[in-house]
Amino acid sequence: MNTVVAPAAPAASAIPKASFDWKPVALLVGLMIAALPAVGSGSSWLTLTVAGLAMGMIVFIIASGLTLVFGLMDVLNFGHGVFIALGAFMATTVMGGMAVFADQGALQALAAIFCAMLVAMAVAGALGLAFERVIVRPVYGLHLKQILITMGGMIVGEEIIKVIWGPLQIALPLPAPLRGAFLIGEAAIEKYRVVAAAIGLVVFVVLAWTLARTKVGLLIRAGVQDREMVESLGYRIKRLFVGVFAAGSALAGLGGVMWGLYQQAVAPQIGAQVNVLIFIVIIIGGLGSTLGCFIGALLVGLLANYTGFLAPKVALFSNIALMVAILLWRPQGLYPVTNR
Amino acid sequence: MSAPLLELKGVHTRIGAYHILHGVDFAVPEGEVTMLLGRNGAGKTTTLRTIMGLWQASAGEILFRGQRLSGMATPDIAAGGIAYVPENMGIFTDLTVKENIVLAARSARHEGELDRTRLDWIFGLFPALQKFWLYPAGKLSGGQKQMLAVARAICEPRALLLIDEPSKGLAPSIIQNLISAFRALKADRTTILLVEQNFLMAKALGDRVAVMDDGRVVHTGAMAELAADTTLQQRLLGLSLGAHQ
Numbered sequence: 245m246n247t248v249v250a251p252a253a254p255a256a257s258a259i260p261k262a263s264f265d266w267k268p269v270a271l272l273v274g275l276m277i278a279a280l281p282a283v284g285s286g287s288s289w290l291t292l293t294v295a296g297l298a299m300g301m302i303v304f305i306i307a308s309g310l311t312l313v314f315g316l317m318d319v320l321n322f323g324h325g326v327f328i329a330l331g332a333f334m335a336t337t338v339m340g341g342m343a344v345f346a347d348q349g350a351l352q353a354l355a356a357i358f359c360a361m362l363v364a365m366a367v368a369g370a371l372g373l374a375f376e377r378v379i380v381r382p383v384y385g386l387h388l389k390q391i392l393i394t395m396g397g398m399i400v401g402e403e404i405i406k407v408i409w410g411p412l413q414i415a416l417p418l419p420a421p422l423r424g425a426f427l428i429g430e431a432a433i434e435k436y437r438v439v440a441a442a443i444g445l446v447v448f449v450v451l452a453w454t455l456a457r458t459k460v461g462l463l464i465r466a467g468v469q470d471r472e473m474v475e476s477l478g479y480r481i482k483r484l485f486v487g488v489f490a491a492g493s494a495l496a497g498l499g500g501v502m503w504g505l506y507q508q509a510v511a512p513q514i515g516a517q518v519n520v521l522i523f524i525v526i527i528i529g530g531l532g533s534t535l536g537c538f539i540g541a542l543l544v545g546l547l548a549n550y551t552g553f554l555a556p557k558v559a560l561f562s563n564i565a566l567m568v569a570i571l572l573w574r575p576q577g578l579y580p581v582t583n584r
Numbered sequence: 075m076s077a078p079l080l081e082l083k084g085v086h087t088r089i090g091a092y093h094i095l096h097g098v099d100f101a102v103p104e105g106e107v108t109m110l111l112g113r114n115g116a117g118k119t120t121t122l123r124t125i126m127g128l129w130q131a132s133a134g135e136i137l138f139r140g141q142r143l144s145g146m147a148t149p150d151i152a153a154g155g156i157a158y159v160p161e162n163m164g165i166f167t168d169l170t171v172k173e174n175i176v177l178a179a180r181s182a183r184h185e186g187e188l189d190r191t192r193l194d195w196i197f198g199l200f201p202a203l204q205k206f207w208l209y210p211a212g213k214l215s216g217g218q219k220q221m222l223a224v225a226r227a228i229c230e231p232r233a234l235l236l237i238d239e240p241s242k243g244l245a246p247s248i249i250q251n252l253i254s255a256f257r258a259l260k261a262d263r264t265t266i267l268l269v270e271q272n273f274l275m276a277k278a279l280g281d282r283v284a285v286m287d288d289g290r291v292v293h294t295g296a297m298a299e300l301a302a303d304t305t306l307q308q309r310l311l312g313l314s315l316g317a318h319q
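Here the protein sequences line up with chains B and H, keeping their order. In short: position in the first sequence from 1, add 244, done, that's this note's numbering. In short: position in the second sequence from 1, add 74, done, that's this note's numbering.
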């Protein structure tokens with residue numbers, strides 16, 4: 245190899261800076277600021293904002309796996325909801341078994357929830373592996389068949405859940421130490437919502453760190469843009485996809501636990517109910533974009549809570565209206581993934 | 075001529091209903107630059123994609139170091155020591171220049187594990203990549219993207235480089251930079267199979283040449299012979315020499 249002396253490093257001022265697109269973040273902050281005078285009361289606004297952020301974080305946890313699965317392999321998985329439902333039902337079993345322990349104190353309550361989350365993630369992740377192998381793999385590249393077979397898979401999954409846990413709604417009460425609210429002035433902030441927002445933030449940070457700082461994350465981001473080139477560099481993208489599918493399923497299981505505790509009840513149809521919401525979020529965010537998914541989920545959560553308070557009838561279609569408005573502004577979503 | 079590193083024997087490729095390659099035969103000698111020339115639609119890109127396993131040959135065999143590549147998956151072919159620079163460059167535009175290089179260096183998990191000497195050598199060939207190291211690759215100019223695409227292929231030692239029309243759409247000054255870089259690779263005895271429409275570039279770099287037409291190789295030989303024979307150029311490539319020389 246002919247070694248050529250590297251040129252001297254250019255002056256820092258000569259190096260162009262990559263600019264971050266702040267507009268979607270500004271939209272989120274703008275929504276929160278605009279809601280303050282509309283709500284009228286600072287305490288109500290704070291309560292609604294924390295509730296919206298918590299809901300958004302849970303939706304993000306559920307949707308993040310789905311957006312990566314679509315981005316990486318172009319797979320439309322309409323069966324994602326079954327992992328949510330499975331996670332939520334696993335939580336009823338684990339939390340039911342630990343109810344006495346969980347009621348002893350805040351730490352015990354958190355430990356019980358943590359156990360339920362771990363079990364739900366493990367079971368949903370394992371089901372995800374089987375789901376990918378049996379249902380998704382035969383229909384790679386066939387969108388219509390993907391929609392039909394993954395929806396069918398979710399229906400089968402729901403029926404199996406009914407066989408195991410019964411067809412009726414099951415209560416999933418919060419452990420006693422997590423019930424009630426913190427009072428900040430006149431604002432009541434539900435304890436569980438703070439916990440949910442914190443867990444969501446941790447998941448986002450871990451996911452963002454993994455995607456930005458690890459080789460696996462680089463491969464995922466590159467694969468979302470150009471699968472063929474990743475393979476041409478010598479990486480087996482299908483193996484990576486199986487891993488992402490399982491991780492996405494595990495995250496959906498985690499989201500199921502959190503959604504179930506948020507609603508304090510679990511029904512076999514919980515997955516189908518949340519499915520629409522998460523598809524709205526990944527479309528708003530830009531298919532395949534994790535940051536877009538995060539901002540989109542927070543927008544959906546906040547808007548649902550603000551409109552629910554200000555105009556309950558508008559809340560019924562606020563998410564669809566938000567999606568239409570975002571797509572009119574940015575047809576590829578808030579943070580479009582280039583090359584798609 | 076050196077022993078062939080890569081050999082194609084009667085390779086046929088079908089894409090859907092279309093029969094693109096009709097028995098392609100040629101060899102790429104080790105340590106030399108082989109130019110693959112031909113008119114648009116002759117099957118040059120399909121040949122490279124078939125070698126990489128991106129499209130599977132329906133008949134014939136492809137031998138790399140005597141081992142059959144036909145039927146192997148693309149990642150295995152790449153891991154065997156073949157680097158590919160596609161016509162569209164295949165740059166990951168949302169990733170930075172650094173991240174593109176780290177990704178291409180299979181043995182490196184992060185920037186710190188890149189071969190520093192080799193990286194300095196690449197910066198010497200393509201100084202713009204050092205300047206824009208932390209910049210999203212999508213913001214680079216067309217020429218800089220092409221430099222990044224080539225840099226990715228050479229950031230670790232590879233036995234064979236497959237490069238598809240690197241000069242396409244580039245300004246003459248950028249093409250000169252690329253020619254200089256390829257000359258440095260050639261001096262390093264890197265084996266290259268280069269698809270090119272720019273005959274000046276082909277003449278400047280090629281040791282051997284294979285000319286394709288209608289999915290077949292219609293001429294093989296030394297590049298110098300083709301460069302010296304204007305009648306042959308006219309017949310094989312339809313070149314108007316006044317416009318190219």
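By construction, these hints were calculated from the structure, which means they are not laboratory data. Just so you know, these numbers come straight off a predicted model, no measurement behind them. Among the hints, erroneous ones may be present.
Each pair of labels, with its calculated beta carbon distance range [to be verified]:
(1) H/Asp194 with B/Gly349: 55 to 63 angstroms
(2) H/Gly97 with B/Val449: 50 to 58 angstroms
(3) B/Ala370 with H/Gly115: 48 to 56 angstroms
(4) B/Tyr384 with H/His93: 20 to 28 angstroms
(5) B/Gly396 with H/Gly97: 41 to 49 angstroms
(6) B/Val450 with H/Gly154: 33 to 41 angstroms
(7) B/Val558 with H/Ser181: 53 to 61 angstroms
(8) B/Ala442 with H/Gly212: 54 to 62 angstroms
(9) B/Lys435 with H/Gly154: 55 to 63 angstroms
(10) H/Gly115 with B/Val269: 45 to 53 angstroms
(11) B/Ala278 with H/Pro246: 51 to 59 angstroms
(12) B/Val449 with H/His86: 35 to 43 angstroms
(13) H/Leu208 with B/Gln508: 26 to 34 angstroms
(14) B/Pro575 with H/Gly212: 45 to 53 angstroms
To spell it out: a stretch of chain B is covered by chain H in this simulated footprint if at least three of its residues, at any positions, have a beta carbon under 8 angstroms from a beta carbon of chain H; those stretches are [stated by the list, open to error]:
(15) 419 to 431
(16) 460 to 466
By construction, the Cβ of each residue, glycine as well, lies at the ideal position given by its N, Cα and C atoms.
Against the range 53 to 61 angstroms, how does the distance between the Cβ atoms of valine 558 of chain B and serine 181 of chain H compare: consistent or not? Given range 53 to 61 angstroms: holds, Cβ gap about 56 angstroms.
Please test the hint of 45 to 53 angstroms on the beta carbon pair from proline 575 of chain B and glycine 212 of chain H. Taking Cβ atoms as reference, proline 575 of chain B and glycine 212 of chain H lie about 18 angstroms apart, which means the hint is violated.
Are alanine 370 of chain B and glycine 115 of chain H spaced within 48 to 56 angstroms by their CB atoms? holds, 50 angstroms
May I ask you to test the hint 35 to 43 angstroms on the CB atoms belonging to valine 449 of chain B and histidine 86 of chain H? violated, 52 angstroms
Range hint 33 to 41 angstroms: satisfied by the CB atoms of valine 450 of chain B and glycine 154 of chain H? holds, 35 angstroms
Can the suggested window of 45 to 53 angstroms be confirmed for the beta-carbon pair glycine 115 of chain H and valine 269 of chain B? holds, 48 angstroms
Range hint compliance [Cβ, glycine 396 of chain B to glycine 97 of chain H, 41 to 49 angstroms]: With Cβ atoms ~45 angstroms apart, the hint holds.
Leucine 208 of chain H and glutamine 508 of chain B, beta-carbon distance inside 26 to 34 angstroms? Check failed, 48 angstroms falls outside 26 to 34 angstroms.
In terms of beta carbon proximity below 8 angstroms, does the segment 419 to 431 of chain B have 3 or more residues touching chain H? Per the Cβ count (0), the hint is violated.
I want to verify a distance hint. Is the separation of the beta carbons of aspartate 194 of chain H and glycine 349 of chain B within 55 to 63 angstroms? Given range 55 to 63 angstroms: holds, Cβ gap about 59 angstroms.
Consistency of beta-carbon spacing, glycine 212 of chain H to alanine 442 of chain B, with hint 54 to 62 angstroms: For glycine 212 of chain H against alanine 442 of chain B, whose Cβ atoms are near 35 angstroms apart, the range 54 to 62 angstroms is violated.
For the pair lysine 435 of chain B and glycine 154 of chain H, does the Cβ-Cβ distance stay inside 55 to 63 angstroms? About 57 angstroms separates the Cβ atoms of lysine 435 of chain B and glycine 154 of chain H, which means 55 to 63 angstroms holds.
Of the numbered hints listed earlier, those contradicted by the structure are 8, 12, 13, 14, 15.
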